[in-house]
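Undergrad: In order, the protein sequences belong to chains W and D. The first sequence: position 172 = 172 (our numbering), numbered continuously. The second sequence: position 434 = 434 (our numbering), numbered continuously.
A portion of the hints provided could be inaccurate.
If several chains are the same, the list does not tell them apart, and a pair holds so long as it fits within one copy or across any two.
[Claimed, not checked] Listed below are the simulated DSS-like cross-link pairs for lysine-lysine, each with C-alpha atoms no more than 25 Å apart in a straight line:
#: 1; residue 1: Lys417; residue 2: Lys160
#: 2; residue 1: Lys401; residue 2: Lys206
#: 3; residue 1: Lys206; residue 2: Lys150
#: 4; residue 1: Lys33; residue 2: Lys160
#: 5; residue 1: Lys401; residue 2: Lys27
#: 6; residue 1: Lys257; residue 2: Lys422
#: 7; residue 1: Lys401; residue 2: Lys160
#: 8; residue 1: Lys432; residue 2: Lys328
#: 9; residue 1: Lys240; residue 2: Lys150
#: 10; residue 1: Lys206; residue 2: Lys422
#: 11; residue 1: Lys160; residue 2: Lys422
#: 12; residue 1: Lys33; residue 2: Lys417
#: 13; residue 1: Lys44; residue 2: Lys57
To be clear, the hints were calculated from the coordinates, so they are not data collected in a lab.
Protein chains: 2
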Amino acid sequence: MNLLIEELKEVVGTVSTNETIMEHHSKTFTYHKASMPDVVVFPKTEQELIGIVAVAKKYKKPIIPYGVGTSLEAQTIPYYGGIVVDFSEMNEILAIRPEDFTVTVQPGVTREQLNQALKQYGLFFPVDPGANATLGGMTATNASGTNAVKYGTMRQQVRKLRVVLASGEVITPGADAAKTSAGYAVKELFVGSEGTLGLFSEITLKLYGIEEYSAVAKLTFNEITDASDAAYQILAGGMKVTKIELLDAETIASVNKQSGLDLKVAPSLLIEVSGSKEEVGLQLAILKEMAGDWTCDLQMETDSLARAKLWQARHDAALSIAAANPGKQLMFTDVCVPLSKLSQAILYARQIVDKYNMHASILGHVGDGNFHVAMAIDQSNEDEVAVMHAINDQIVEFALKHGGTCTGEHGVGVGKKRFLQKEHESTLFIMKGIKKLLDPENLFSPGVILDVEG
Amino acid sequence: MNLLIEELKEVVGTVSTNETIMEHHSKTFTYHKASMPDVVVFPKTEQELIGIVAVAKKYKKPIIPYGVGTSLEAQTIPYYGGIVVDFSEMNEILAIRPEDFTVTVQPGVTREQLNQALKQYGLFFPVDPGANATLGGMTATNASGTNAVKYGTMRQQVRKLRVVLASGEVITPGADAAKTSAGYAVKELFVGSEGTLGLFSEITLKLYGIEEYSAVAKLTFNEITDASDAAYQILAGGMKVTKIELLDAETIASVNKQSGLDLKVAPSLLIEVSGSKEEVGLQLAILKEMAGDWTCDLQMETDSLARAKLWQARHDAALSIAAANPGKQLMFTDVCVPLSKLSQAILYARQIVDKYNMHASILGHVGDGNFHVAMAIDQSNEDEVAVMHAINDQIVEFALKHGGTCTGEHGVGVGKKRFLQKEHESTLFIMKGIKKLLDPENLFSPGVILDVEG
Numbered sequence: 001m002n003l004l005i006e007e008l009k010e011v012v013g014t015v016s017t018n019e020t021i022m023e024h025h026s027k028t029f030t031y032h033k034a035s036m037p038d039v040v041v042f043p044k045t046e047q048e049l050i051g052i053v054a055v056a057k058k059y060k061k062p063i064i065p066y067g068v069g070t071s072l073e074a075q076t077i078p079y080y081g082g083i084v085v086d087f088s089e090m091n092e093i094l095a096i097r098p099e100d101f102t103v104t105v106q107p108g109v110t111r112e113q114l115n116q117a118l119k120q121y122g123l124f125f126p127v128d129p130g131a132n133a134t135l136g137g138m139t140a141t142n143a144s145g146t147n148a149v150k151y152g153t154m155r156q157q158v159r160k161l162r163v164v165l166a167s168g169e170v171i172t173p174g175a176d177a178a179k180t181s182a183g184y185a186v187k188e189l190f191v192g193s194e195g196t197l198g199l200f201s202e203i204t205l206k207l208y209g210i211e212e213y214s215a216v217a218k219l220t221f222n223e224i225t226d227a228s229d230a231a232y233q234i235l236a237g238g239m240k241v242t243k244i245e246l247l248d249a250e251t252i253a254s255v256n257k258q259s260g261l262d263l264k265v266a267p268s269l270l271i272e273v274s275g276s277k278e279e280v281g282l283q284l285a286i287l288k289e290m291a292g293d294w295t296c297d298l299q300m301e302t303d304s305l306a307r308a309k310l311w312q313a314r315h316d317a318a319l320s321i322a323a324a325n326p327g328k329q330l331m332f333t334d335v336c337v338p339l340s341k342l343s344q345a346i347l348y349a350r351q352i353v354d355k356y357n358m359h360a361s362i363l364g365h366v367g368d369g370n371f372h373v374a375m376a377i378d379q380s381n382e383d384e385v386a387v388m389h390a391i392n393d394q395i396v397e398f399a400l401k402h403g404g405t406c407t408g409e410h411g412v413g414v415g416k417k418r419f420l421q422k423e424h425e426s427t428l429f430i431m432k433g434i435k436k437l438l439d440p441e442n443l444f445s446p447g448v449i450l451d452v453e454g
Numbered sequence: 001m002n003l004l005i006e007e008l009k010e011v012v013g014t015v016s017t018n019e020t021i022m023e024h025h026s027k028t029f030t031y032h033k034a035s036m037p038d039v040v041v042f043p044k045t046e047q048e049l050i051g052i053v054a055v056a057k058k059y060k061k062p063i064i065p066y067g068v069g070t071s072l073e074a075q076t077i078p079y080y081g082g083i084v085v086d087f088s089e090m091n092e093i094l095a096i097r098p099e100d101f102t103v104t105v106q107p108g109v110t111r112e113q114l115n116q117a118l119k120q121y122g123l124f125f126p127v128d129p130g131a132n133a134t135l136g137g138m139t140a141t142n143a144s145g146t147n148a149v150k151y152g153t154m155r156q157q158v159r160k161l162r163v164v165l166a167s168g169e170v171i172t173p174g175a176d177a178a179k180t181s182a183g184y185a186v187k188e189l190f191v192g193s194e195g196t197l198g199l200f201s202e203i204t205l206k207l208y209g210i211e212e213y214s215a216v217a218k219l220t221f222n223e224i225t226d227a228s229d230a231a232y233q234i235l236a237g238g239m240k241v242t243k244i245e246l247l248d249a250e251t252i253a254s255v256n257k258q259s260g261l262d263l264k265v266a267p268s269l270l271i272e273v274s275g276s277k278e279e280v281g282l283q284l285a286i287l288k289e290m291a292g293d294w295t296c297d298l299q300m301e302t303d304s305l306a307r308a309k310l311w312q313a314r315h316d317a318a319l320s321i322a323a324a325n326p327g328k329q330l331m332f333t334d335v336c337v338p339l340s341k342l343s344q345a346i347l348y349a350r351q352i353v354d355k356y357n358m359h360a361s362i363l364g365h366v367g368d369g370n371f372h373v374a375m376a377i378d379q380s381n382e383d384e385v386a387v388m389h390a391i392n393d394q395i396v397e398f399a400l401k402h403g404g405t406c407t408g409e410h411g412v413g414v415g416k417k418r419f420l421q422k423e424h425e426s427t428l429f430i431m432k433g434i435k436k437l438l439d440p441e442n443l444f445s446p447g448v449i450l451d452v453e454g
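The shape of chain W in the complex, shown without the other chains:
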C-alpha cells in the first residue's frame, strides 16, 4: 500500500489519504452504501492522468474518476477500493471560440463556472442536470435535465474529447466541426460511459447564443394526469418550449416548507419559453389559448425575479425532499417512456408508491417522457430498502413493457445493472466487448454499468 502511495506521489502533485477526504469520496447523498478508496488524487494535467493510469496498472488498483459526486447511481463510489481521481483541480477553461460556438474545457470545470465565463460573449451551455456538476461528470453520464427538450442531451453537445485509455494512450475521438460521418461513432461511445472506458482530459462542447428574453408559465391542475396530459398537448400542438417540468403536489408541499414559499399545493407544470420578445409573446399567446380548454390556473411571469422564484421550486425539489427527511438518503427512479405513455406511467407510479405507503415526490422532464419518483429512505433499514427496490422494480417494469428505458438521464451506475441486463439483453455482449477492447484489465470504475471479469 505504501508503495502505491509513494509511486502516485511521483506522478501527481496532490495525493491524499486524509480520512475526511477519503470519506468524502466514499459516498454520495443517495441510498447507495459507502465504500472507502485506497487513496484520492488531484491531478492538474493530462500527463498526471497518464502517470496515474501507469501506477494503477502496476498495482492492479481500480481507478474511479470523480467530479463533484452528484451522480445518483453510485458511479463514483469505490466499491473495489483503489484510486479516486478527483478532477477538481483540472478546472481550466482552455479555449472559448465564440466564432465557432464551441469551448474546450478540462473535465473538472463546473456547469456554472462555464456559464459564468461565457456570459460576456452572449453565449451559454444549455445542459442543466440541476446540480452544479462538472462537465466531465456530465459527459460521463450523458446528462440532460430541464433544457434537454429544446437543446438535447450531452451526447449532442460533445464535439470532441481527449481521453487517456487504460493503455496510457491518448485518443481524440470526434471533430471540431458541427458534424462528421468519418467512421464509427467512437466519441458517442465515450459520452455516457460512466467512467468505465477512460479518463477525459479535454472536452470540446457546442455553445448557444443566450436568448434575449424568457418567460415562465406555471399551470396548476387538480390531478397529476391532467398535468401530464396538458404537457403532451403542448408538445403535440407544436409549442416551442425551452423547459417543461412537472411537479406533483407532494413536491410542491415540501418545496414550500423548505424554501418558505407559498405555491399552491397541486400538480403543476412549469413551462419556459425563450427567444426574442415577439417570439415569446407568440408562444405565450398559444399557451393561453390552450389553457382555456383545461381546468387549471395559469400564472405567467416575465419579470426575472418572479421567474427565479418559480424555478426555485423546481431547483429546490431534490434538496427539499432530503430536508424533509433528515438523516435519510435519496433514491430517484429515472424511467423515460414514449410521450403517449407518460400519463399512464405517472399514474401507475403514484399507485405503486401509495400501495406501499411510501412517502415520495414525483417530478420530471415531461417534455422527454422522463420522470423521477423521489424517495427518502434509511439505507441501514433493510425493510425500507426492500420496499424502495420493490417500487423501483415495478416502475421500471412498466416502462420497459411500454417501449421505455430504465434510465433517461442518471445512467446505469451500480444501481441499475440488473435493469440494463433486461433492457439490453441483445446488445449486452457488444457493451462487454467494447469494455474488454478498451479496458481489458477492468481498471476503470469496475462494477459500474457492467460486471466483467477483470
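Since the structure of chain W is provided, determine the placement of chain D on it from the hints.
TA: Just chain D, lined up with the frame of chain W:
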C-alpha cells in the same frame, strides 16, 4: 457458384443473376469503378435476411446491403463480389405513431414515400440528403443534408434499430423513448456504420410537426466569400433558419442551362425559415435588416410555387453538373470545418480547383460548415482521376488542419479510407476492434470504412 444460388433460393423469394440487374448493382453515378456481384437478392422479411447471412457465411461470400444506390463513396459497389442485398422489397411502413412522434419502417422505405404517408398526420421526417434515398441507406451513412442545421443528422433521429448480425442473431439497440442513458451508445455505432456491421431489418425514427408556413430568401453576392461570410453572420446573429445553402456562380450557371431557369449567375445563398406566419415574419425582418449592411441582392418568396422554383436550383445542382458533362462521372468532396473557417476553406477550395483548371461547382450546407466541390470526370482517364485526387487531397488536408473532418455527411466508403486513417489515427484501432467483435469474418461490406483481415 450454382450451389450458392441454389441455397439462396431456398431462403429468399427473389434471387437474380440477370446481367442487367447485376450491372445495375455494380456501380453508382460517381467516379468509382464498377465491380460485379455474384448475385443480387431481394428479401422481404427479417427471416430472409437471417437466411441470407447463413448462406453467405457457409460460402464465405461478402454481403453488401443496397438501398437505391445513391451513396457517393462506393459503399454499395461489391469490390469483392458476393451477395448484394437489395432492400427495395422491404419497403413497408410498419407503424406510424403520431401520438409519440415516431415511425417504424423497413429499411427499403424511401424518404419521399415516408413523407407522403406522414402528410395526413401533419408530420414529416426532416432529413433530406437530396436524393430520394432509402431510410436504411440514410441510417447507414448517417446522412444529413439541407435540414440538418435545424433538425440534426440521422444519428439524432434514429431511436431504435433491429439489426441482423453476422452471427445470425437479431439485436435491438436503442429505445422508443425520447432519450436513454442505458449503457454504451450501441445504437449510435450502427448509425453511420455504412453496411459494415449488420443488416437493418427495422428502423424507428423521430418525427416532427410540419411547420405551418415557410419562406425562402435568395441573396446574391459579388464574391463567394461574401456569401459565406453572410451565412456566418446570419447564424452568429441567432437567426433561426431551417436551411441555409450556398451555390457558387458556376453551379447557378449549370442549373440555369439544365433547368431552363434565368437565375442571376452569382454566388448565392438560399435561406429557408419556417414556423407560424408571425414567426416567419419576424425572421424575415431580421434578415432584411442584416442584408442592408451587405452588398447583395435580396429576393424573398413566400408563394409556394416561387419557393419551389428557388429550391429547384439547389435540388438540380448535382444533376445539372452531370448533365453539363455527358459521359462523365461525378466526384463530390465533403469536408466540414468549424464555422469560422468556412469562408477561408471555400476560398482555398476555389483556388485549388482553378490551379488545376478543373471545371467544378461549389455548393454546400453552410449552416454546418459543410460544403461540396462537385467535379465531373472520366473515370477511365487516368490524368483526370489523378487531378481530381490531387484537388480532393488538398481540400481535405486544409480541413483537417483546421479542426474539420474529411466527411460531413457522405461517409467514408471506399473513397475516403486513407483520410479516415489520418483523421482518426488514434481511434482507428477502436473502430477495427468493433468491426472484429461484430463481424469477425469480415462478411459485411468488406473494404468499406476499414481494411481488416477477414
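Undergrad: The structure should be examined with respect to each hint, and the outcome stated for every one.
TA: Checked hints:
In this assembly of identical chains, Lys417 and Lys160 lie within 25 Å of each other by CA distance solely across copies; the values are 20 Å between and 28 Å within a copy. When the C-alpha separation of Lys401 and Lys206 is checked against a cutoff of 25 Å, the pair qualifies only between copies, where the shortest distance is 20 Å, while the shortest distance within a copy is 35 Å. Proximity of Lys206 to Lys150 under the C-alpha cut-off of 25 Å is found in both arrangements, the shortest distances being 14 Å within a copy and 14 Å between copies. Taking CA atoms no more than 25 Å apart as the test, Lys33 paired with Lys160 passes in neither setting, with 34 Å inside one copy and 35 Å between copies.
Neither within a single protomer nor between protomers do Lys401 and Lys27 lie at most 25 Å apart by alpha-carbon distance, with minima of 33 Å and 44 Å respectively. With identical chains, the CA atoms of Lys257 and Lys422 are never at most 25 Å apart, being 39 Å at best within one copy and 59 Å at best between copies. For the homomeric pair Lys401 and Lys160, the shortest alpha-carbon distance between copies (15 Å) is at most 25 Å, but the shortest distance inside one copy (35 Å) is not. For the identical chains of this complex, Lys432 and Lys328 are neighbours neither inside a copy (35 Å) nor across copies (48 Å), given an alpha-carbon limit of 25 Å.
In this homomeric assembly, Lys240 and Lys150 come within 25 Å of each other (Cα to Cα) both inside a single copy, at 8 Å, and across copies, at 13 Å. When the C-alpha separation of Lys206 and Lys422 is checked against a cutoff of 25 Å, the pair qualifies only between copies, where the shortest distance is 24 Å, while the shortest distance within a copy is 34 Å. Only between protomers do Lys160 and Lys422 lie at most 25 Å apart by alpha-carbon distance; the minimum there is 16 Å, versus 31 Å within a single protomer. Taking the closest pair of Cα atoms, Lys33 and Lys417 come within 25 Å of each other only inside a single copy of the chain (16 Å); across copies the shortest separation is 49 Å, beyond that limit.
For the homomeric pair Lys44 and Lys57, the shortest alpha-carbon distance inside one copy (20 Å) is at most 25 Å, but the shortest distance between copies (51 Å) is not.
Violated hints, in rising order: 4, 5, 6, 8; the structure is consistent with all others.
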